[in-house]
Amino acid sequence: MSDRRTICVNINGKAYEREVETRLHLADFIRHECLLTGTHVGCEHGVCGACTILLDGKTARSCLMLAVQADGKEILTVEGIAPNETELHPLQQAFQDNHGLQCGFCTPGMLTTLLEFLDENPDPTEREVREAISGNLCRCTGYQGIVAAALDAAKRLQAGT
Amino acid sequence: MGAKMFGARVSRLEDPKLLTGRGGYTDDMHLPEMLEAAFVRSPHSHARIKDINISDALKHKGVCKIYTASDLPDYLRNTTVPFQVPNPAISQPFQQRLLEDREVCFAGEPIALVVADTRYNAEDAATLVQVDYDILPGAADCKSALEDSAPLCHVDSPNNEGAKYKVGYGDVASAFANAHLTHSEEFWIHRGGGFAIENRGVVAQYDELDDVVTIWSATQSPFLVKQNVVDMLGWESDRVRVIAPDVGGGFGPKTIYYVEEALIPLVAKDLGKPVKWIEDRRENFLATNMERDQYWDMEIAVDADGKLLGVRGQMIHDTGAYMPWGIISPYISATTLPGPYVLPSYELETFVALTNKVAVTPVRGAGRPQAVFAMERLMDRAADKLGLDRAEIRRRNLIQTEQMPYALGLIFRDGKPMTYDSGDYPKCQEEALRLGDYEGFRHRQEQARAEGRHIGIGIANYVEGTGLGPFEGATVRIQPSGQICIYTGGGDSGQGHWTTLAQVCADKFGVGVEKIDVQKGDTGKIASGVGTFASRIAVNAGSSVHLASNEVRQKAIKVAAHMLEAAEEDMDIENGSVVVRGSDLSVSLSDVARAVQGMPGFSLPGGVEPGLEATHYFSPSQSSYCNGTAVVEVEVDPDTGHVDILNYSMAHDSGTLINPFVVDGQVQGAVAQGVGNALLEWMVYDDNSNPVSTTFAEYLLPSAPETPNVDVTHVESPTPINPLGVKGAGEGGTIPAAAAIISAIEDALSPWNVRIAAAPLTPSMIVNQVRAEKAVA
Ligand code: FES
Ligand code: FES
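As they're listed, the protein sequences go chains A and B. Just so you know, we're using my numbering here: the first sequence kicks off at 1 and counts up by one. Just so you know, we're using my numbering here: the second sequence kicks off at 1 and counts up by one.
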């Protein structure tokens with residue numbers, strides 16, 4: 001059996017067809033084959049959450065999946081969150097306004113995790129936000145700015161701004 | 001003129017790029033024909049290498065070349081990491097070789113470097129490299145390592161003592177002889193690593209045309225990396241350029257230079273192709289420097305009022321197998337102990353133990369959290385024995401404002417006598433107590449106890465030497481387009497230097513920060529630099545930006561005066577234009593910049609030097625000392641050992657604030673690391689010194705649910721040491737955290753009289769201590 005397959009993955013609305021090794025993990029595929037380097041890799045053992053993407057609308061750790069498993073699926077990465085080149089998504093804007101990032105390395109995973117969470121839970125409590133991001137490690141912020149950003153974003157999204 | 005930028009809560013210029021996935025970190029680089037590297041590292045903490053066989057590995061698909069020590073050029077075979085911070089106290093300054101082929105002294109030490117077409121192939125081939133080891137016993141715990149019977153960390157050395165020194169002042173013996181009360185106790189404090197979410201990484205490319213090697217490294221200190229490469233490889237300084245791109249967190253370990261930062265450029269030049277090496281998390285646990293164990297065997301003497309008379313003792317510091325940063329960390333520990341208190345006499349003897357583990361170098365806080373832990377525990381003990389309130393005993397001993405500047409009687413790590421330059425310690429403590437409602441606490445505690453809940457409060461103070469020299473420079477340049485650019489040497493690993501340095505500059509030209517570009521961390525952009533560590537960038541680079549901006553401003557006015565035929569004293573700079581006050585005459589900075597570019601054959605206006613730019617290298621005369629107080633309220637479940645931090649208050653004095661928004665973030669993040677030190681982070685080794693916590697499932701970082709919100713209040717005591725009055729702010733949050741949290745836990749468990757002398761404190765340790773005390777009772 002060949003250890004290479006051709007797969008086609010739709011990322012941020014664009015189709016990426018590539019021939020890949022079957023052992024290539026999805027984060028490496030996104031970063032090094034599709035050159036979408038916004039998704040980060042912090043541990044490659046499923047704990048830090050930096051590699052979190054939305055796979056058919058659900059969060060997934062791209063370091064724990066093989067690229068071939070994403071064949072035919074739709075992926076949203078951090079590059080696809082903003083509505084256009086110049087504007088930020090309300091969640092991104094809330095991160096800037098609440099100092100929700102320092103080095104920015106955990107940020108893509110935080111954003112994708114919170115997008116899903118705020119969609120399911122539009123009016124969360126602080127405790128719920130903290131639980132929601134409990135699988136995403138940030139070493140810089142102490143989470144305070146991230147939690148504030150998430151709560152602020154919930155308000156903005158509800159107000160439709 | 002727009003709103004004042006210096007001191008404002010400006011949101012960060014860095015953010016939009018990072019929020020949309022457009023950052024550029026080291027692993028984001030994809031250069032044409034780039035090869036990838038993987039290391040073969042020792043799986044043993046200590047072993048003699050009998051043989052290395054690469055023949056199977058060489059046959060693996062995609063492999064270009066494999067390097068062992070014997071494949072290095074002759075002159076590099078025994079080259080070690082340069083020892084740049086010598087100290088006469090160091091007797092055995094072991095340094096790591098580029099690649100080891102005789103004796104490996106920690107698990108993770110590099111033995112071979114495999115270069116292949118992909119990382120996957122490089123890693124596969126690395127597993128095929130056969131190394132024949134003679135396994136040796138390892139020196140593990142640093143206390144036992146100093147005993148005569150201990151296995152040797154390096155087989156050829158006489159013992160495991162790497163360094164020994166004494167610091168102190170005053171008449172300790174008579175202080176203890178005349179004391180009303182003394183208390184002695186041994187403390188064990190463990191600190192883990194920096195564990196930035198981005199691991200280390202290096203990309204190097206050789207440009208044959210220019211004969212220049214460009215190195216991108218996930219480092220805090222590109223100039224130190226360059227110096228390291230130049231020293232180790234013997235290359236000419238102007239043939240090496242080091243760039244720190246976006247860096248995903250640093251926290252100390254990325255300050256230090258590593259053998260990988262010399263090896264990757266070496267092989268890139270050898271192979272004539274770009275080479276990338278990205279550390280994986282396992283390598284990060286094994287081969288990136290960290291902090292670790294200190295044992296403090298201490299004694300305190302006080303009078304009947306609780307006034308300090310003296311502190312003395314011994315400290316043992318685990319330094320690992322090599323000492324790339326000498327004794328900086330334990331030396332800082334030793335000099336941090338007196339803290340904000342009037343301590344009439346002090347004596348500490350420190351023993352630095354070599355162990356078969358990765359090197360210990362500073363991690364955020366840099367040896368201070370350990371010292372503060374020891375001192376603050378002693379203060380608690382003295383208070384408890386005297387029946388004094390824990391905050392009150394501290395208040396009685398704090399250095400008063402009228403005693404500033406306060407000469408401590410010790411020499412700091414910068415070689416200068418320690419003199420606290422400024423600060424209002426009593427006010428800081430008062431503010432933190434107010435913020436944490438210390439006064440109302442005993443009432444809250446009674447109520448909680450009536451409900452069967454166990455809450456406690458803890459307090460800790462610290463003083464931290466920040467803004468260390470030698471210097472950090474900045475060039476401020478106004479381009480002919482009118483664009484204002486700042487160039488500086490230190491890298492940014494999340495601190496927001498673009499924003500804060502732009503804030504220092506913006507007001508001089510009457511523009512918003514968004515008009516200013518900051519290019520940092522590139523040895524090609526400014527002649528000299530040092531790096532981002534020791535809470536030094538705001539102080540050093542900030543002051544340089546201030547001085548250079550002033551000079552550029554003056555020059556712009558001088559040239560504009562000539563152009564507009566007006567008097568310099570009538571001129572000002574507003575909105576990026578030089579204006580003549582009370583008239584509508586003005587000239588844009590862009591036009592001024594063009595004018596000083598010169599016109600062929602004409603002399604420059606006003607006889608100035610060409611170019612609208614200035615460079616300054618601010619060098620502080622000594623460290624500036626910041627300080628703070630943490631007050632923490634916790635709830636402890638004595639049956640499960642679970643600790644909940646209910647309230648975390650911090651009064652923090654880092655002098656003048658450039659951007660309170662950014663400083664708050666620094667304090668909050670630093671506190672989180674302190675929470676890790678107090679309750680979670682523990683790098684565990686087995687008895688033979690083999691690491692056993694090498695994933696984030698075994699080594700626990702604080703996550704969102706257990707990390708508290710921090711109420712921060714700022715006391716601003718500007719330092720006279722630099723023109724901005726700023727002090728460093730990056731580490732203060734970490735320093736008192738473990739001391740305050742553990743004090744609070746002890747207070748919560750006071751019904752059982754539990755005494756805690758260790759950090760981190762895990763749930764099982766709490767449960768065991770409560771059980772033990774119950775059994776005694
Ligand atoms: S990189 Fe995937 S969870 Fe850490
Ligand atoms: S911002 Fe640096 S890890 Fe979260």
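To be clear, the hints were calculated from the coordinates, so they are not data collected in a lab. Computed from a prediction, not measured in an experiment: that's the story for all the values here. Some hints could be false.
Capping the alpha-carbon separation at 25 Å, the derived lysine-lysine pairs in DSS-like fashion look like this [to be verified]:
1. B/K385 / B/K17
2. A/K14 / B/K17
3. B/K385 / B/K307
4. B/K525 / A/K155
Label pairs and their computed distance ranges (CB to CB) [said to hold, decoys possible]:
5. B/A304 / A/E128: 49 to 59 Å
6. B/T695 / A/E128: 24 to 34 Å
7. B/V684 / A/D119: 49 to 59 Å
8. A/T86 / B/P88: 58 to 68 Å
Glycine residues also receive a C-beta, built at the ideal position from the N, C-alpha and C atoms.
Do the hints match the structure? See the list:
no.: 1; hint: B/K385 / B/K17; verdict: violated, 56 Å
no.: 2; hint: A/K14 / B/K17; verdict: holds, 21 Å
no.: 3; hint: B/K385 / B/K307; verdict: holds, 13 Å
no.: 4; hint: B/K525 / A/K155; verdict: violated, 44 Å
no.: 5; hint: B/A304 / A/E128: 49 to 59 Å; verdict: holds, 53 Å
no.: 6; hint: B/T695 / A/E128: 24 to 34 Å; verdict: holds, 28 Å
no.: 7; hint: B/V684 / A/D119: 49 to 59 Å; verdict: violated, 40 Å
no.: 8; hint: A/T86 / B/P88: 58 to 68 Å; verdict: holds, 60 Å
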